[in-house]
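S.K.: Each chain, letter by letter, is given below.
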Amino acid sequence: MSKKNLLNSKEIHIILHRLACQLIENHDDFKNTVLIGIQPRGIYLAERLVSILKNDYNIKSINLGQLDITFYRDDFRRRGEPLEANKTNINFTVENKNIVFIDDVLYSGRSIRAALTAIQSFGRPSDIELLVLIDRRFSRHLPIQPDYRGRQVDVINKERVTVNWKENNGEDAVYITNN
Amino acid sequence: MSQLSVQHLLGIKHLKKADIDLIFKTADHFKEVINRPIKKVPSLRDITIANLFFENSTRTKLSFELAEKRLSADVINFSASQSSVKKGETLIDTANNILSMKVDLIVMRHPNVGACDFLSKHVDAKIVNAGDGTHEHPTQALLDSYSIREKLGTVAGKKVVIVGDILHSRVALSNIYALKLQGAEVKVCGPKTLIPKYIEELGVSVEYNIRKALEWCDVANVLRVQNERMAINYFPSTREYAQLFGINKKLLDSIGKKIVIMHPGPINRGVEITSDVADADQSIILNQVENGVAVRMAVIYLLAEQIERHN
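Respectively, the protein sequence lines represent chains A and B.
Using this note's numbering, the first residue of the first sequence is number 32, and each one after it goes up by one.
Using this note's numbering, the first residue of the second sequence is number 8, and each one after it goes up by one.
Derived by calculation from the structure, the hints in this document are not laboratory data.
Every residue gets a Cβ at the ideal spot worked out from N, C-alpha and C, and that includes glycine.
Heads up, some of the hints might be wrong.
[To be verified] Partner residues aside, some chain B positions facing chain A, computed with beta carbon under 8 Å:
hint: 1; residue: 9
hint: 2; residue: 10
hint: 3; residue: 43
hint: 4; residue: 50
hint: 5; residue: 207
hint: 6; residue: 209
hint: 7; residue: 210
[Claimed, not checked] Ranges of calculated distance between the beta carbons of each label pair, as one might list FRET restraints:
hint: 8; chain 1: A; residue 1: 123; chain 2: B; residue 2: 261; range: 44 to 52 Å
hint: 9; chain 1: A; residue 1: 32; chain 2: B; residue 2: 208; range: 51 to 59 Å
hint: 10; chain 1: B; residue 1: 161; chain 2: A; residue 2: 92; range: 33 to 41 Å
hint: 11; chain 1: A; residue 1: 92; chain 2: B; residue 2: 35; range: 25 to 33 Å
hint: 12; chain 1: A; residue 1: 148; chain 2: B; residue 2: 296; range: 26 to 34 Å
[Said to hold, decoys possible] A few chain B positions that, by computed beta-carbon distances, are all more than 10 Å from chain A:
hint: 13; residue: 24
hint: 14; residue: 48
hint: 15; residue: 88
hint: 16; residue: 96
hint: 17; residue: 282
With the hints as extra help, turn the sequences into a complete structure.
M.R.: Have a look at this one:
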């Protein structure tokens, strides 16, 4: 097994600040915008971005939610091992809001497809954008592309991209592993 | 663990503690789902479920049907009073005829003990027991425990008294299994004629005095007297039963602590419980009904996960 470091803590720091600035460019004071972290791994990125926006760019209040897509996946009864659901926490209305989905890695696009269906249970948003830290180019199964991307990578299908966060893995880093 | 250890839900007796934990964890997510503006997920789009009710039911049937529809399953309903059972068809024939219409899961209520167990051995579908005679009613016990856990934080270590017609109650037996499995202390209370012999062997204690039982417990689960299952008289009169075992506000206020009141329904107001107790803020009877949908969604979802795909 080989393991290659794609991004270190300093690089991630710079990327997060760039993504935060890009969000401000499009969403101004976030009055009509809600950020939605996709469970299970997108919530860490979403929380980081919110804390940067609040602490470093003086955005007063941002609606942040967490969306679990387990019950909307298209591979129910097609997996060897069943998936466990995670918590959905959206305690505000999304009707006519601008939504930004936030996830760590964009691969096949199937999770985002499920998220697009899932969010409809909470109302009809005005528009939906997608922010990802890592965009795995050339591996999409569906016509889904990010609006904001941290880093685009070309990796072959059997390689795995792992994003570690200080909160739960002890370090900020992105690795490419090959089994 | 992310998978049930059983193939069918025939009774709590066959479950492990980890199964109950998994069902409750999944039910937590479904409880959030059924409180959304759109209360439906697409998971079971390609699953067909038959609800076979050979015995009357309102709450359980509605609750199952709603749970199935919230999961996007296709649902067909059958009640024995309007069916060919009256024309002499056997249970296996009825079930197999329904299964040839490509049904994946059967929810069944039946007046005979062991009917679901029997069916699970003879037909190729997942079976969920929605009550078999005086034997088990597993989803009711699960939703009762789930409601206790929601109200008191945990079931382990809690003292639960089951009051009423223990002899004819499938709710009582399933509740005893479920509560014991989760580490609760269980007592049963009722007229001596309605307490089965050797019930202590299930690890429960018996109390014939309602006041002492209420003083002991954290939760009282009050059951209905099942007159329809009684061929003989087990107590002199309903009025005497209400006086000796009925729970009223005066009795409840006099025990010096606030216990949780539960009832699986249907309530006979003024017999086992008075209206002011049933509607009091310490009663979680309507929470039980809401939780019933979430718990049944969890059970059906987890069993459906095991159904093999044919494509």
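S.K.: A separate judgement is required for each hint: does it hold in the structure or not?
M.R.: Evaluation of the provided hints:
1. 9: With Cβ-Cβ at 5 Å, under 8 Å, it holds.
2. 10: Constraint on residue 10(B) satisfied, holds at 6 Å.
3. 43: 5 Å, holds
4. 50: 5 Å, holds
5. 207: 39 Å, violated
6. 209: 32 Å, violated
7. 210: Since the shortest Cβ distance to chain A is 31 Å, the answer is violated.
8. 123(A) - 261(B): 44 to 52 Å: 46 Å, holds
9. 32(A) - 208(B): 51 to 59 Å: The hinted range 51 to 59 Å holds for residue 32(A) and residue 208(B), with Cβ atoms some 55 Å apart.
10. 161(B) - 92(A): 33 to 41 Å: 36 Å, holds
11. 92(A) - 35(B): 25 to 33 Å: With Cβ atoms ~28 Å apart, the hint holds.
12. 148(A) - 296(B): 26 to 34 Å: 29 Å, holds
13. 24: Fine: 17 Å to the nearest Cβ keeps residue 24(B) off the interface.
14. 48: 4 Å, violated
15. 88: 35 Å, holds
16. 96: The claim holds: residue 96(B) sits with its nearest Cβ about 32 Å from chain A, beyond 10 Å.
17. 282: 35 Å, holds
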